[in-house]
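Guided by the hints, dock chain B onto chain A, whose structure is given.
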Amino acid sequence: MAKSLKQAQRNKLLFYLSIMTLPVIQFIVFYICVNANSLLLAFKEYKVVNGIIEESFVGFRNLADTYKAIFTERTFLNCIKNSLMFYGISLLSGVVCSLAFSYYIYKKGVLGGFFKIMLYMPNIVSVMVICMIYKFFCNQGFPELVLSLFGKEITPFATDLDAQLKYIVFFNFLMSFGANMLVYTGTMSGISDSIIEAAQIDGVNAFQEFFHIIMPSIYQTFALFIVTGMLNIFNGQANLYHFFGLECPSEHYTFGYYIYMKVTDAGVNYMEFPPLASLGLVLTSFAIPLIFTARHLVFKYGPKDE
Amino acid sequence: MKKLKSTMRSPIMIVIGIVLCLYIVFLFTLIFWGFFTAVKATSGTFNTYRGNEFGMPEGAPWQWEWGNYAYVMEWMNVKKNVTINGVRFQIEKTIGDMFGNTLLYTFGGAAVSTLVPLFVAYATTRTDFKFSKIFDAVILVVMIIPIVGAYPSELQLLNELGIYDTWFGYYIQRSHCISAYYLIFQAQFRAVPKSYSEAAYIDGAGEYAVMFKVVLPLVRTVAMTVFLIFFISIWNDYNTALLYMPTHPSLAYGVFHLVMNGNNKISKVPYKMAGVFMLFTPILIMFICLQKVLMQNLSMGGLKE
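Respectively, the protein sequence lines represent chains A and B. Sequential numbering from 162 applies to the first sequence in my numbering. Sequential numbering from -19 applies to the second sequence in my numbering.
To be clear, the hints were calculated from the coordinates, so they are not data collected in a lab. Heads up, a few of these hints could be off.
Unchecked claim - Computed far set for chain B versus chain A, every beta-carbon distance over 10 Å:
1) G(-3)
2) W42
3) M53
4) G80
5) A91
6) P126
7) E134
8) T146
9) K174
10) V194
11) M204
12) N244
Claimed, not checked - Below, a list of computed lysine to any residue pairs in the SDA-like style, where the Cα atoms sit at most 25 Å apart:
13) K113/B x L174/A
14) K242/A x L253/A
15) K272/B x V288/A
Ideal Cβ placement from N, Cα and C applies to all residues, glycine included.
Pulled out of the complex, with its shape left as it was, chain A reads as follows:
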């Protein structure tokens, strides 16, 4: 009996190891080693000496250069401005508008089910595809349409930087609508019907119902999106790579696009890695305290679901 118990326990352990070994090794290599290596890269420099790539440690030089560059170089100042702007847009669209639409769908508004599918469609079908159609549409179809309908000439996508930015902002605004909508409607549907009915008997209007019943009930989800969305300040590309590939004008750069573009442009070119790793480290040093402070604040001072 004891022997068979021991055998069963050993079988269980073998079974457990057979499942867990690969993901644990994967995690060690692709998370721990990758990030440790990224940290080391930020302190290194690669040089070609007699046709051979040699590495050397340069202390804090890369980091000091990056910190200085972020607040002085035009490219990085553009990154700061645009990254914050696109975060603001995603906040307005992905949080505020998404909440309003989710409420409409939750209340089973006219065509609510259809809107739910259509809002979610770009996320499933491919933002990249929609983006490419949109780019050509703004370049040719839309100016043609406005000219034929109103006799007015408008600037196409490709010709003017300001117009380009407006088109990109509008696209990002539209594409963020559906991002969080499924989660919001899912959370709203968890609110007890009796609470809503009681409030309606008391004569609340849509505004009161939304702010006094719905919002406190879904606040945890709402706060989580605000906090996780902040990562977009540093990682978000604002679909710039879909629009331009490597050719984006520096006036539109975001941090996310800049790092991605540099890596895709360089390929496996070790010489380019230390400055990028250094930039990543500097941005992470901003992101961690910012996000954890925001998390603390939104959960501490938000409404409580009682």
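Below, chain B without anything else, positioned relative to chain A:
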């Protein structure tokens, strides 16, 4: 019910309804514009794209330029220089190669991305090893720590390990549990009563038999939904081919390459739109057919039973 209707009649709900209608009109305009552009002629005086950028193609639908699709299929290739291990060489891939790669990316990638978190979630919830608690805590911490710009390090490591630009490297990269789906699978397994497994053990079933024959069938709907979501997202993904698999372009990469660079033979907008719709149409059809399954199983940022 009367009160509920009065909420819907409030001005703010009417405004939201109108905004949503405008959004749908815009989305349909884009899709139809792209679709019609893809079947316009690129030369000649009749039915040409130039000068008719917004309007429909002229003539009956069977007279439209459906041949644009065949033409793009013939000429859509990826020709580029790649450097691996310091050696620079040129690759040229046809649409057939890209389609083959796409099948390997989508079916293999979606299977690995679904099965690894599924199996690990099973192991961490249906066994009582203490390591599972440590593993779960680490996964949760990792999911909330924001890390920016690890691409260079990742590329360097893949290169040093000799798995850069290999299928083995691609599948290993996808064999992780750092995703919301891992937590969703865990919730699913916790909802399955342990008595089901215990009854099977008493009948003499082994660990694998209990997992594959008793518990996994109970979560197969959710697992299939996750597989579909991964399948669609990998189908649309050109980043992997761009960054990690330069000699294995996918269809999505091919279309991206066509739109951004292309070659002289297919540089006109109708050809580019035809390429975009070749990528778009299968997934759109799939979404229309399966939207009920996808939407019904999706909730709370994930899935509900």
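What hint numbers does the structure not satisfy? As far as the earlier hints go, 1, 6, 7 are violated by this structure, in ascending order.
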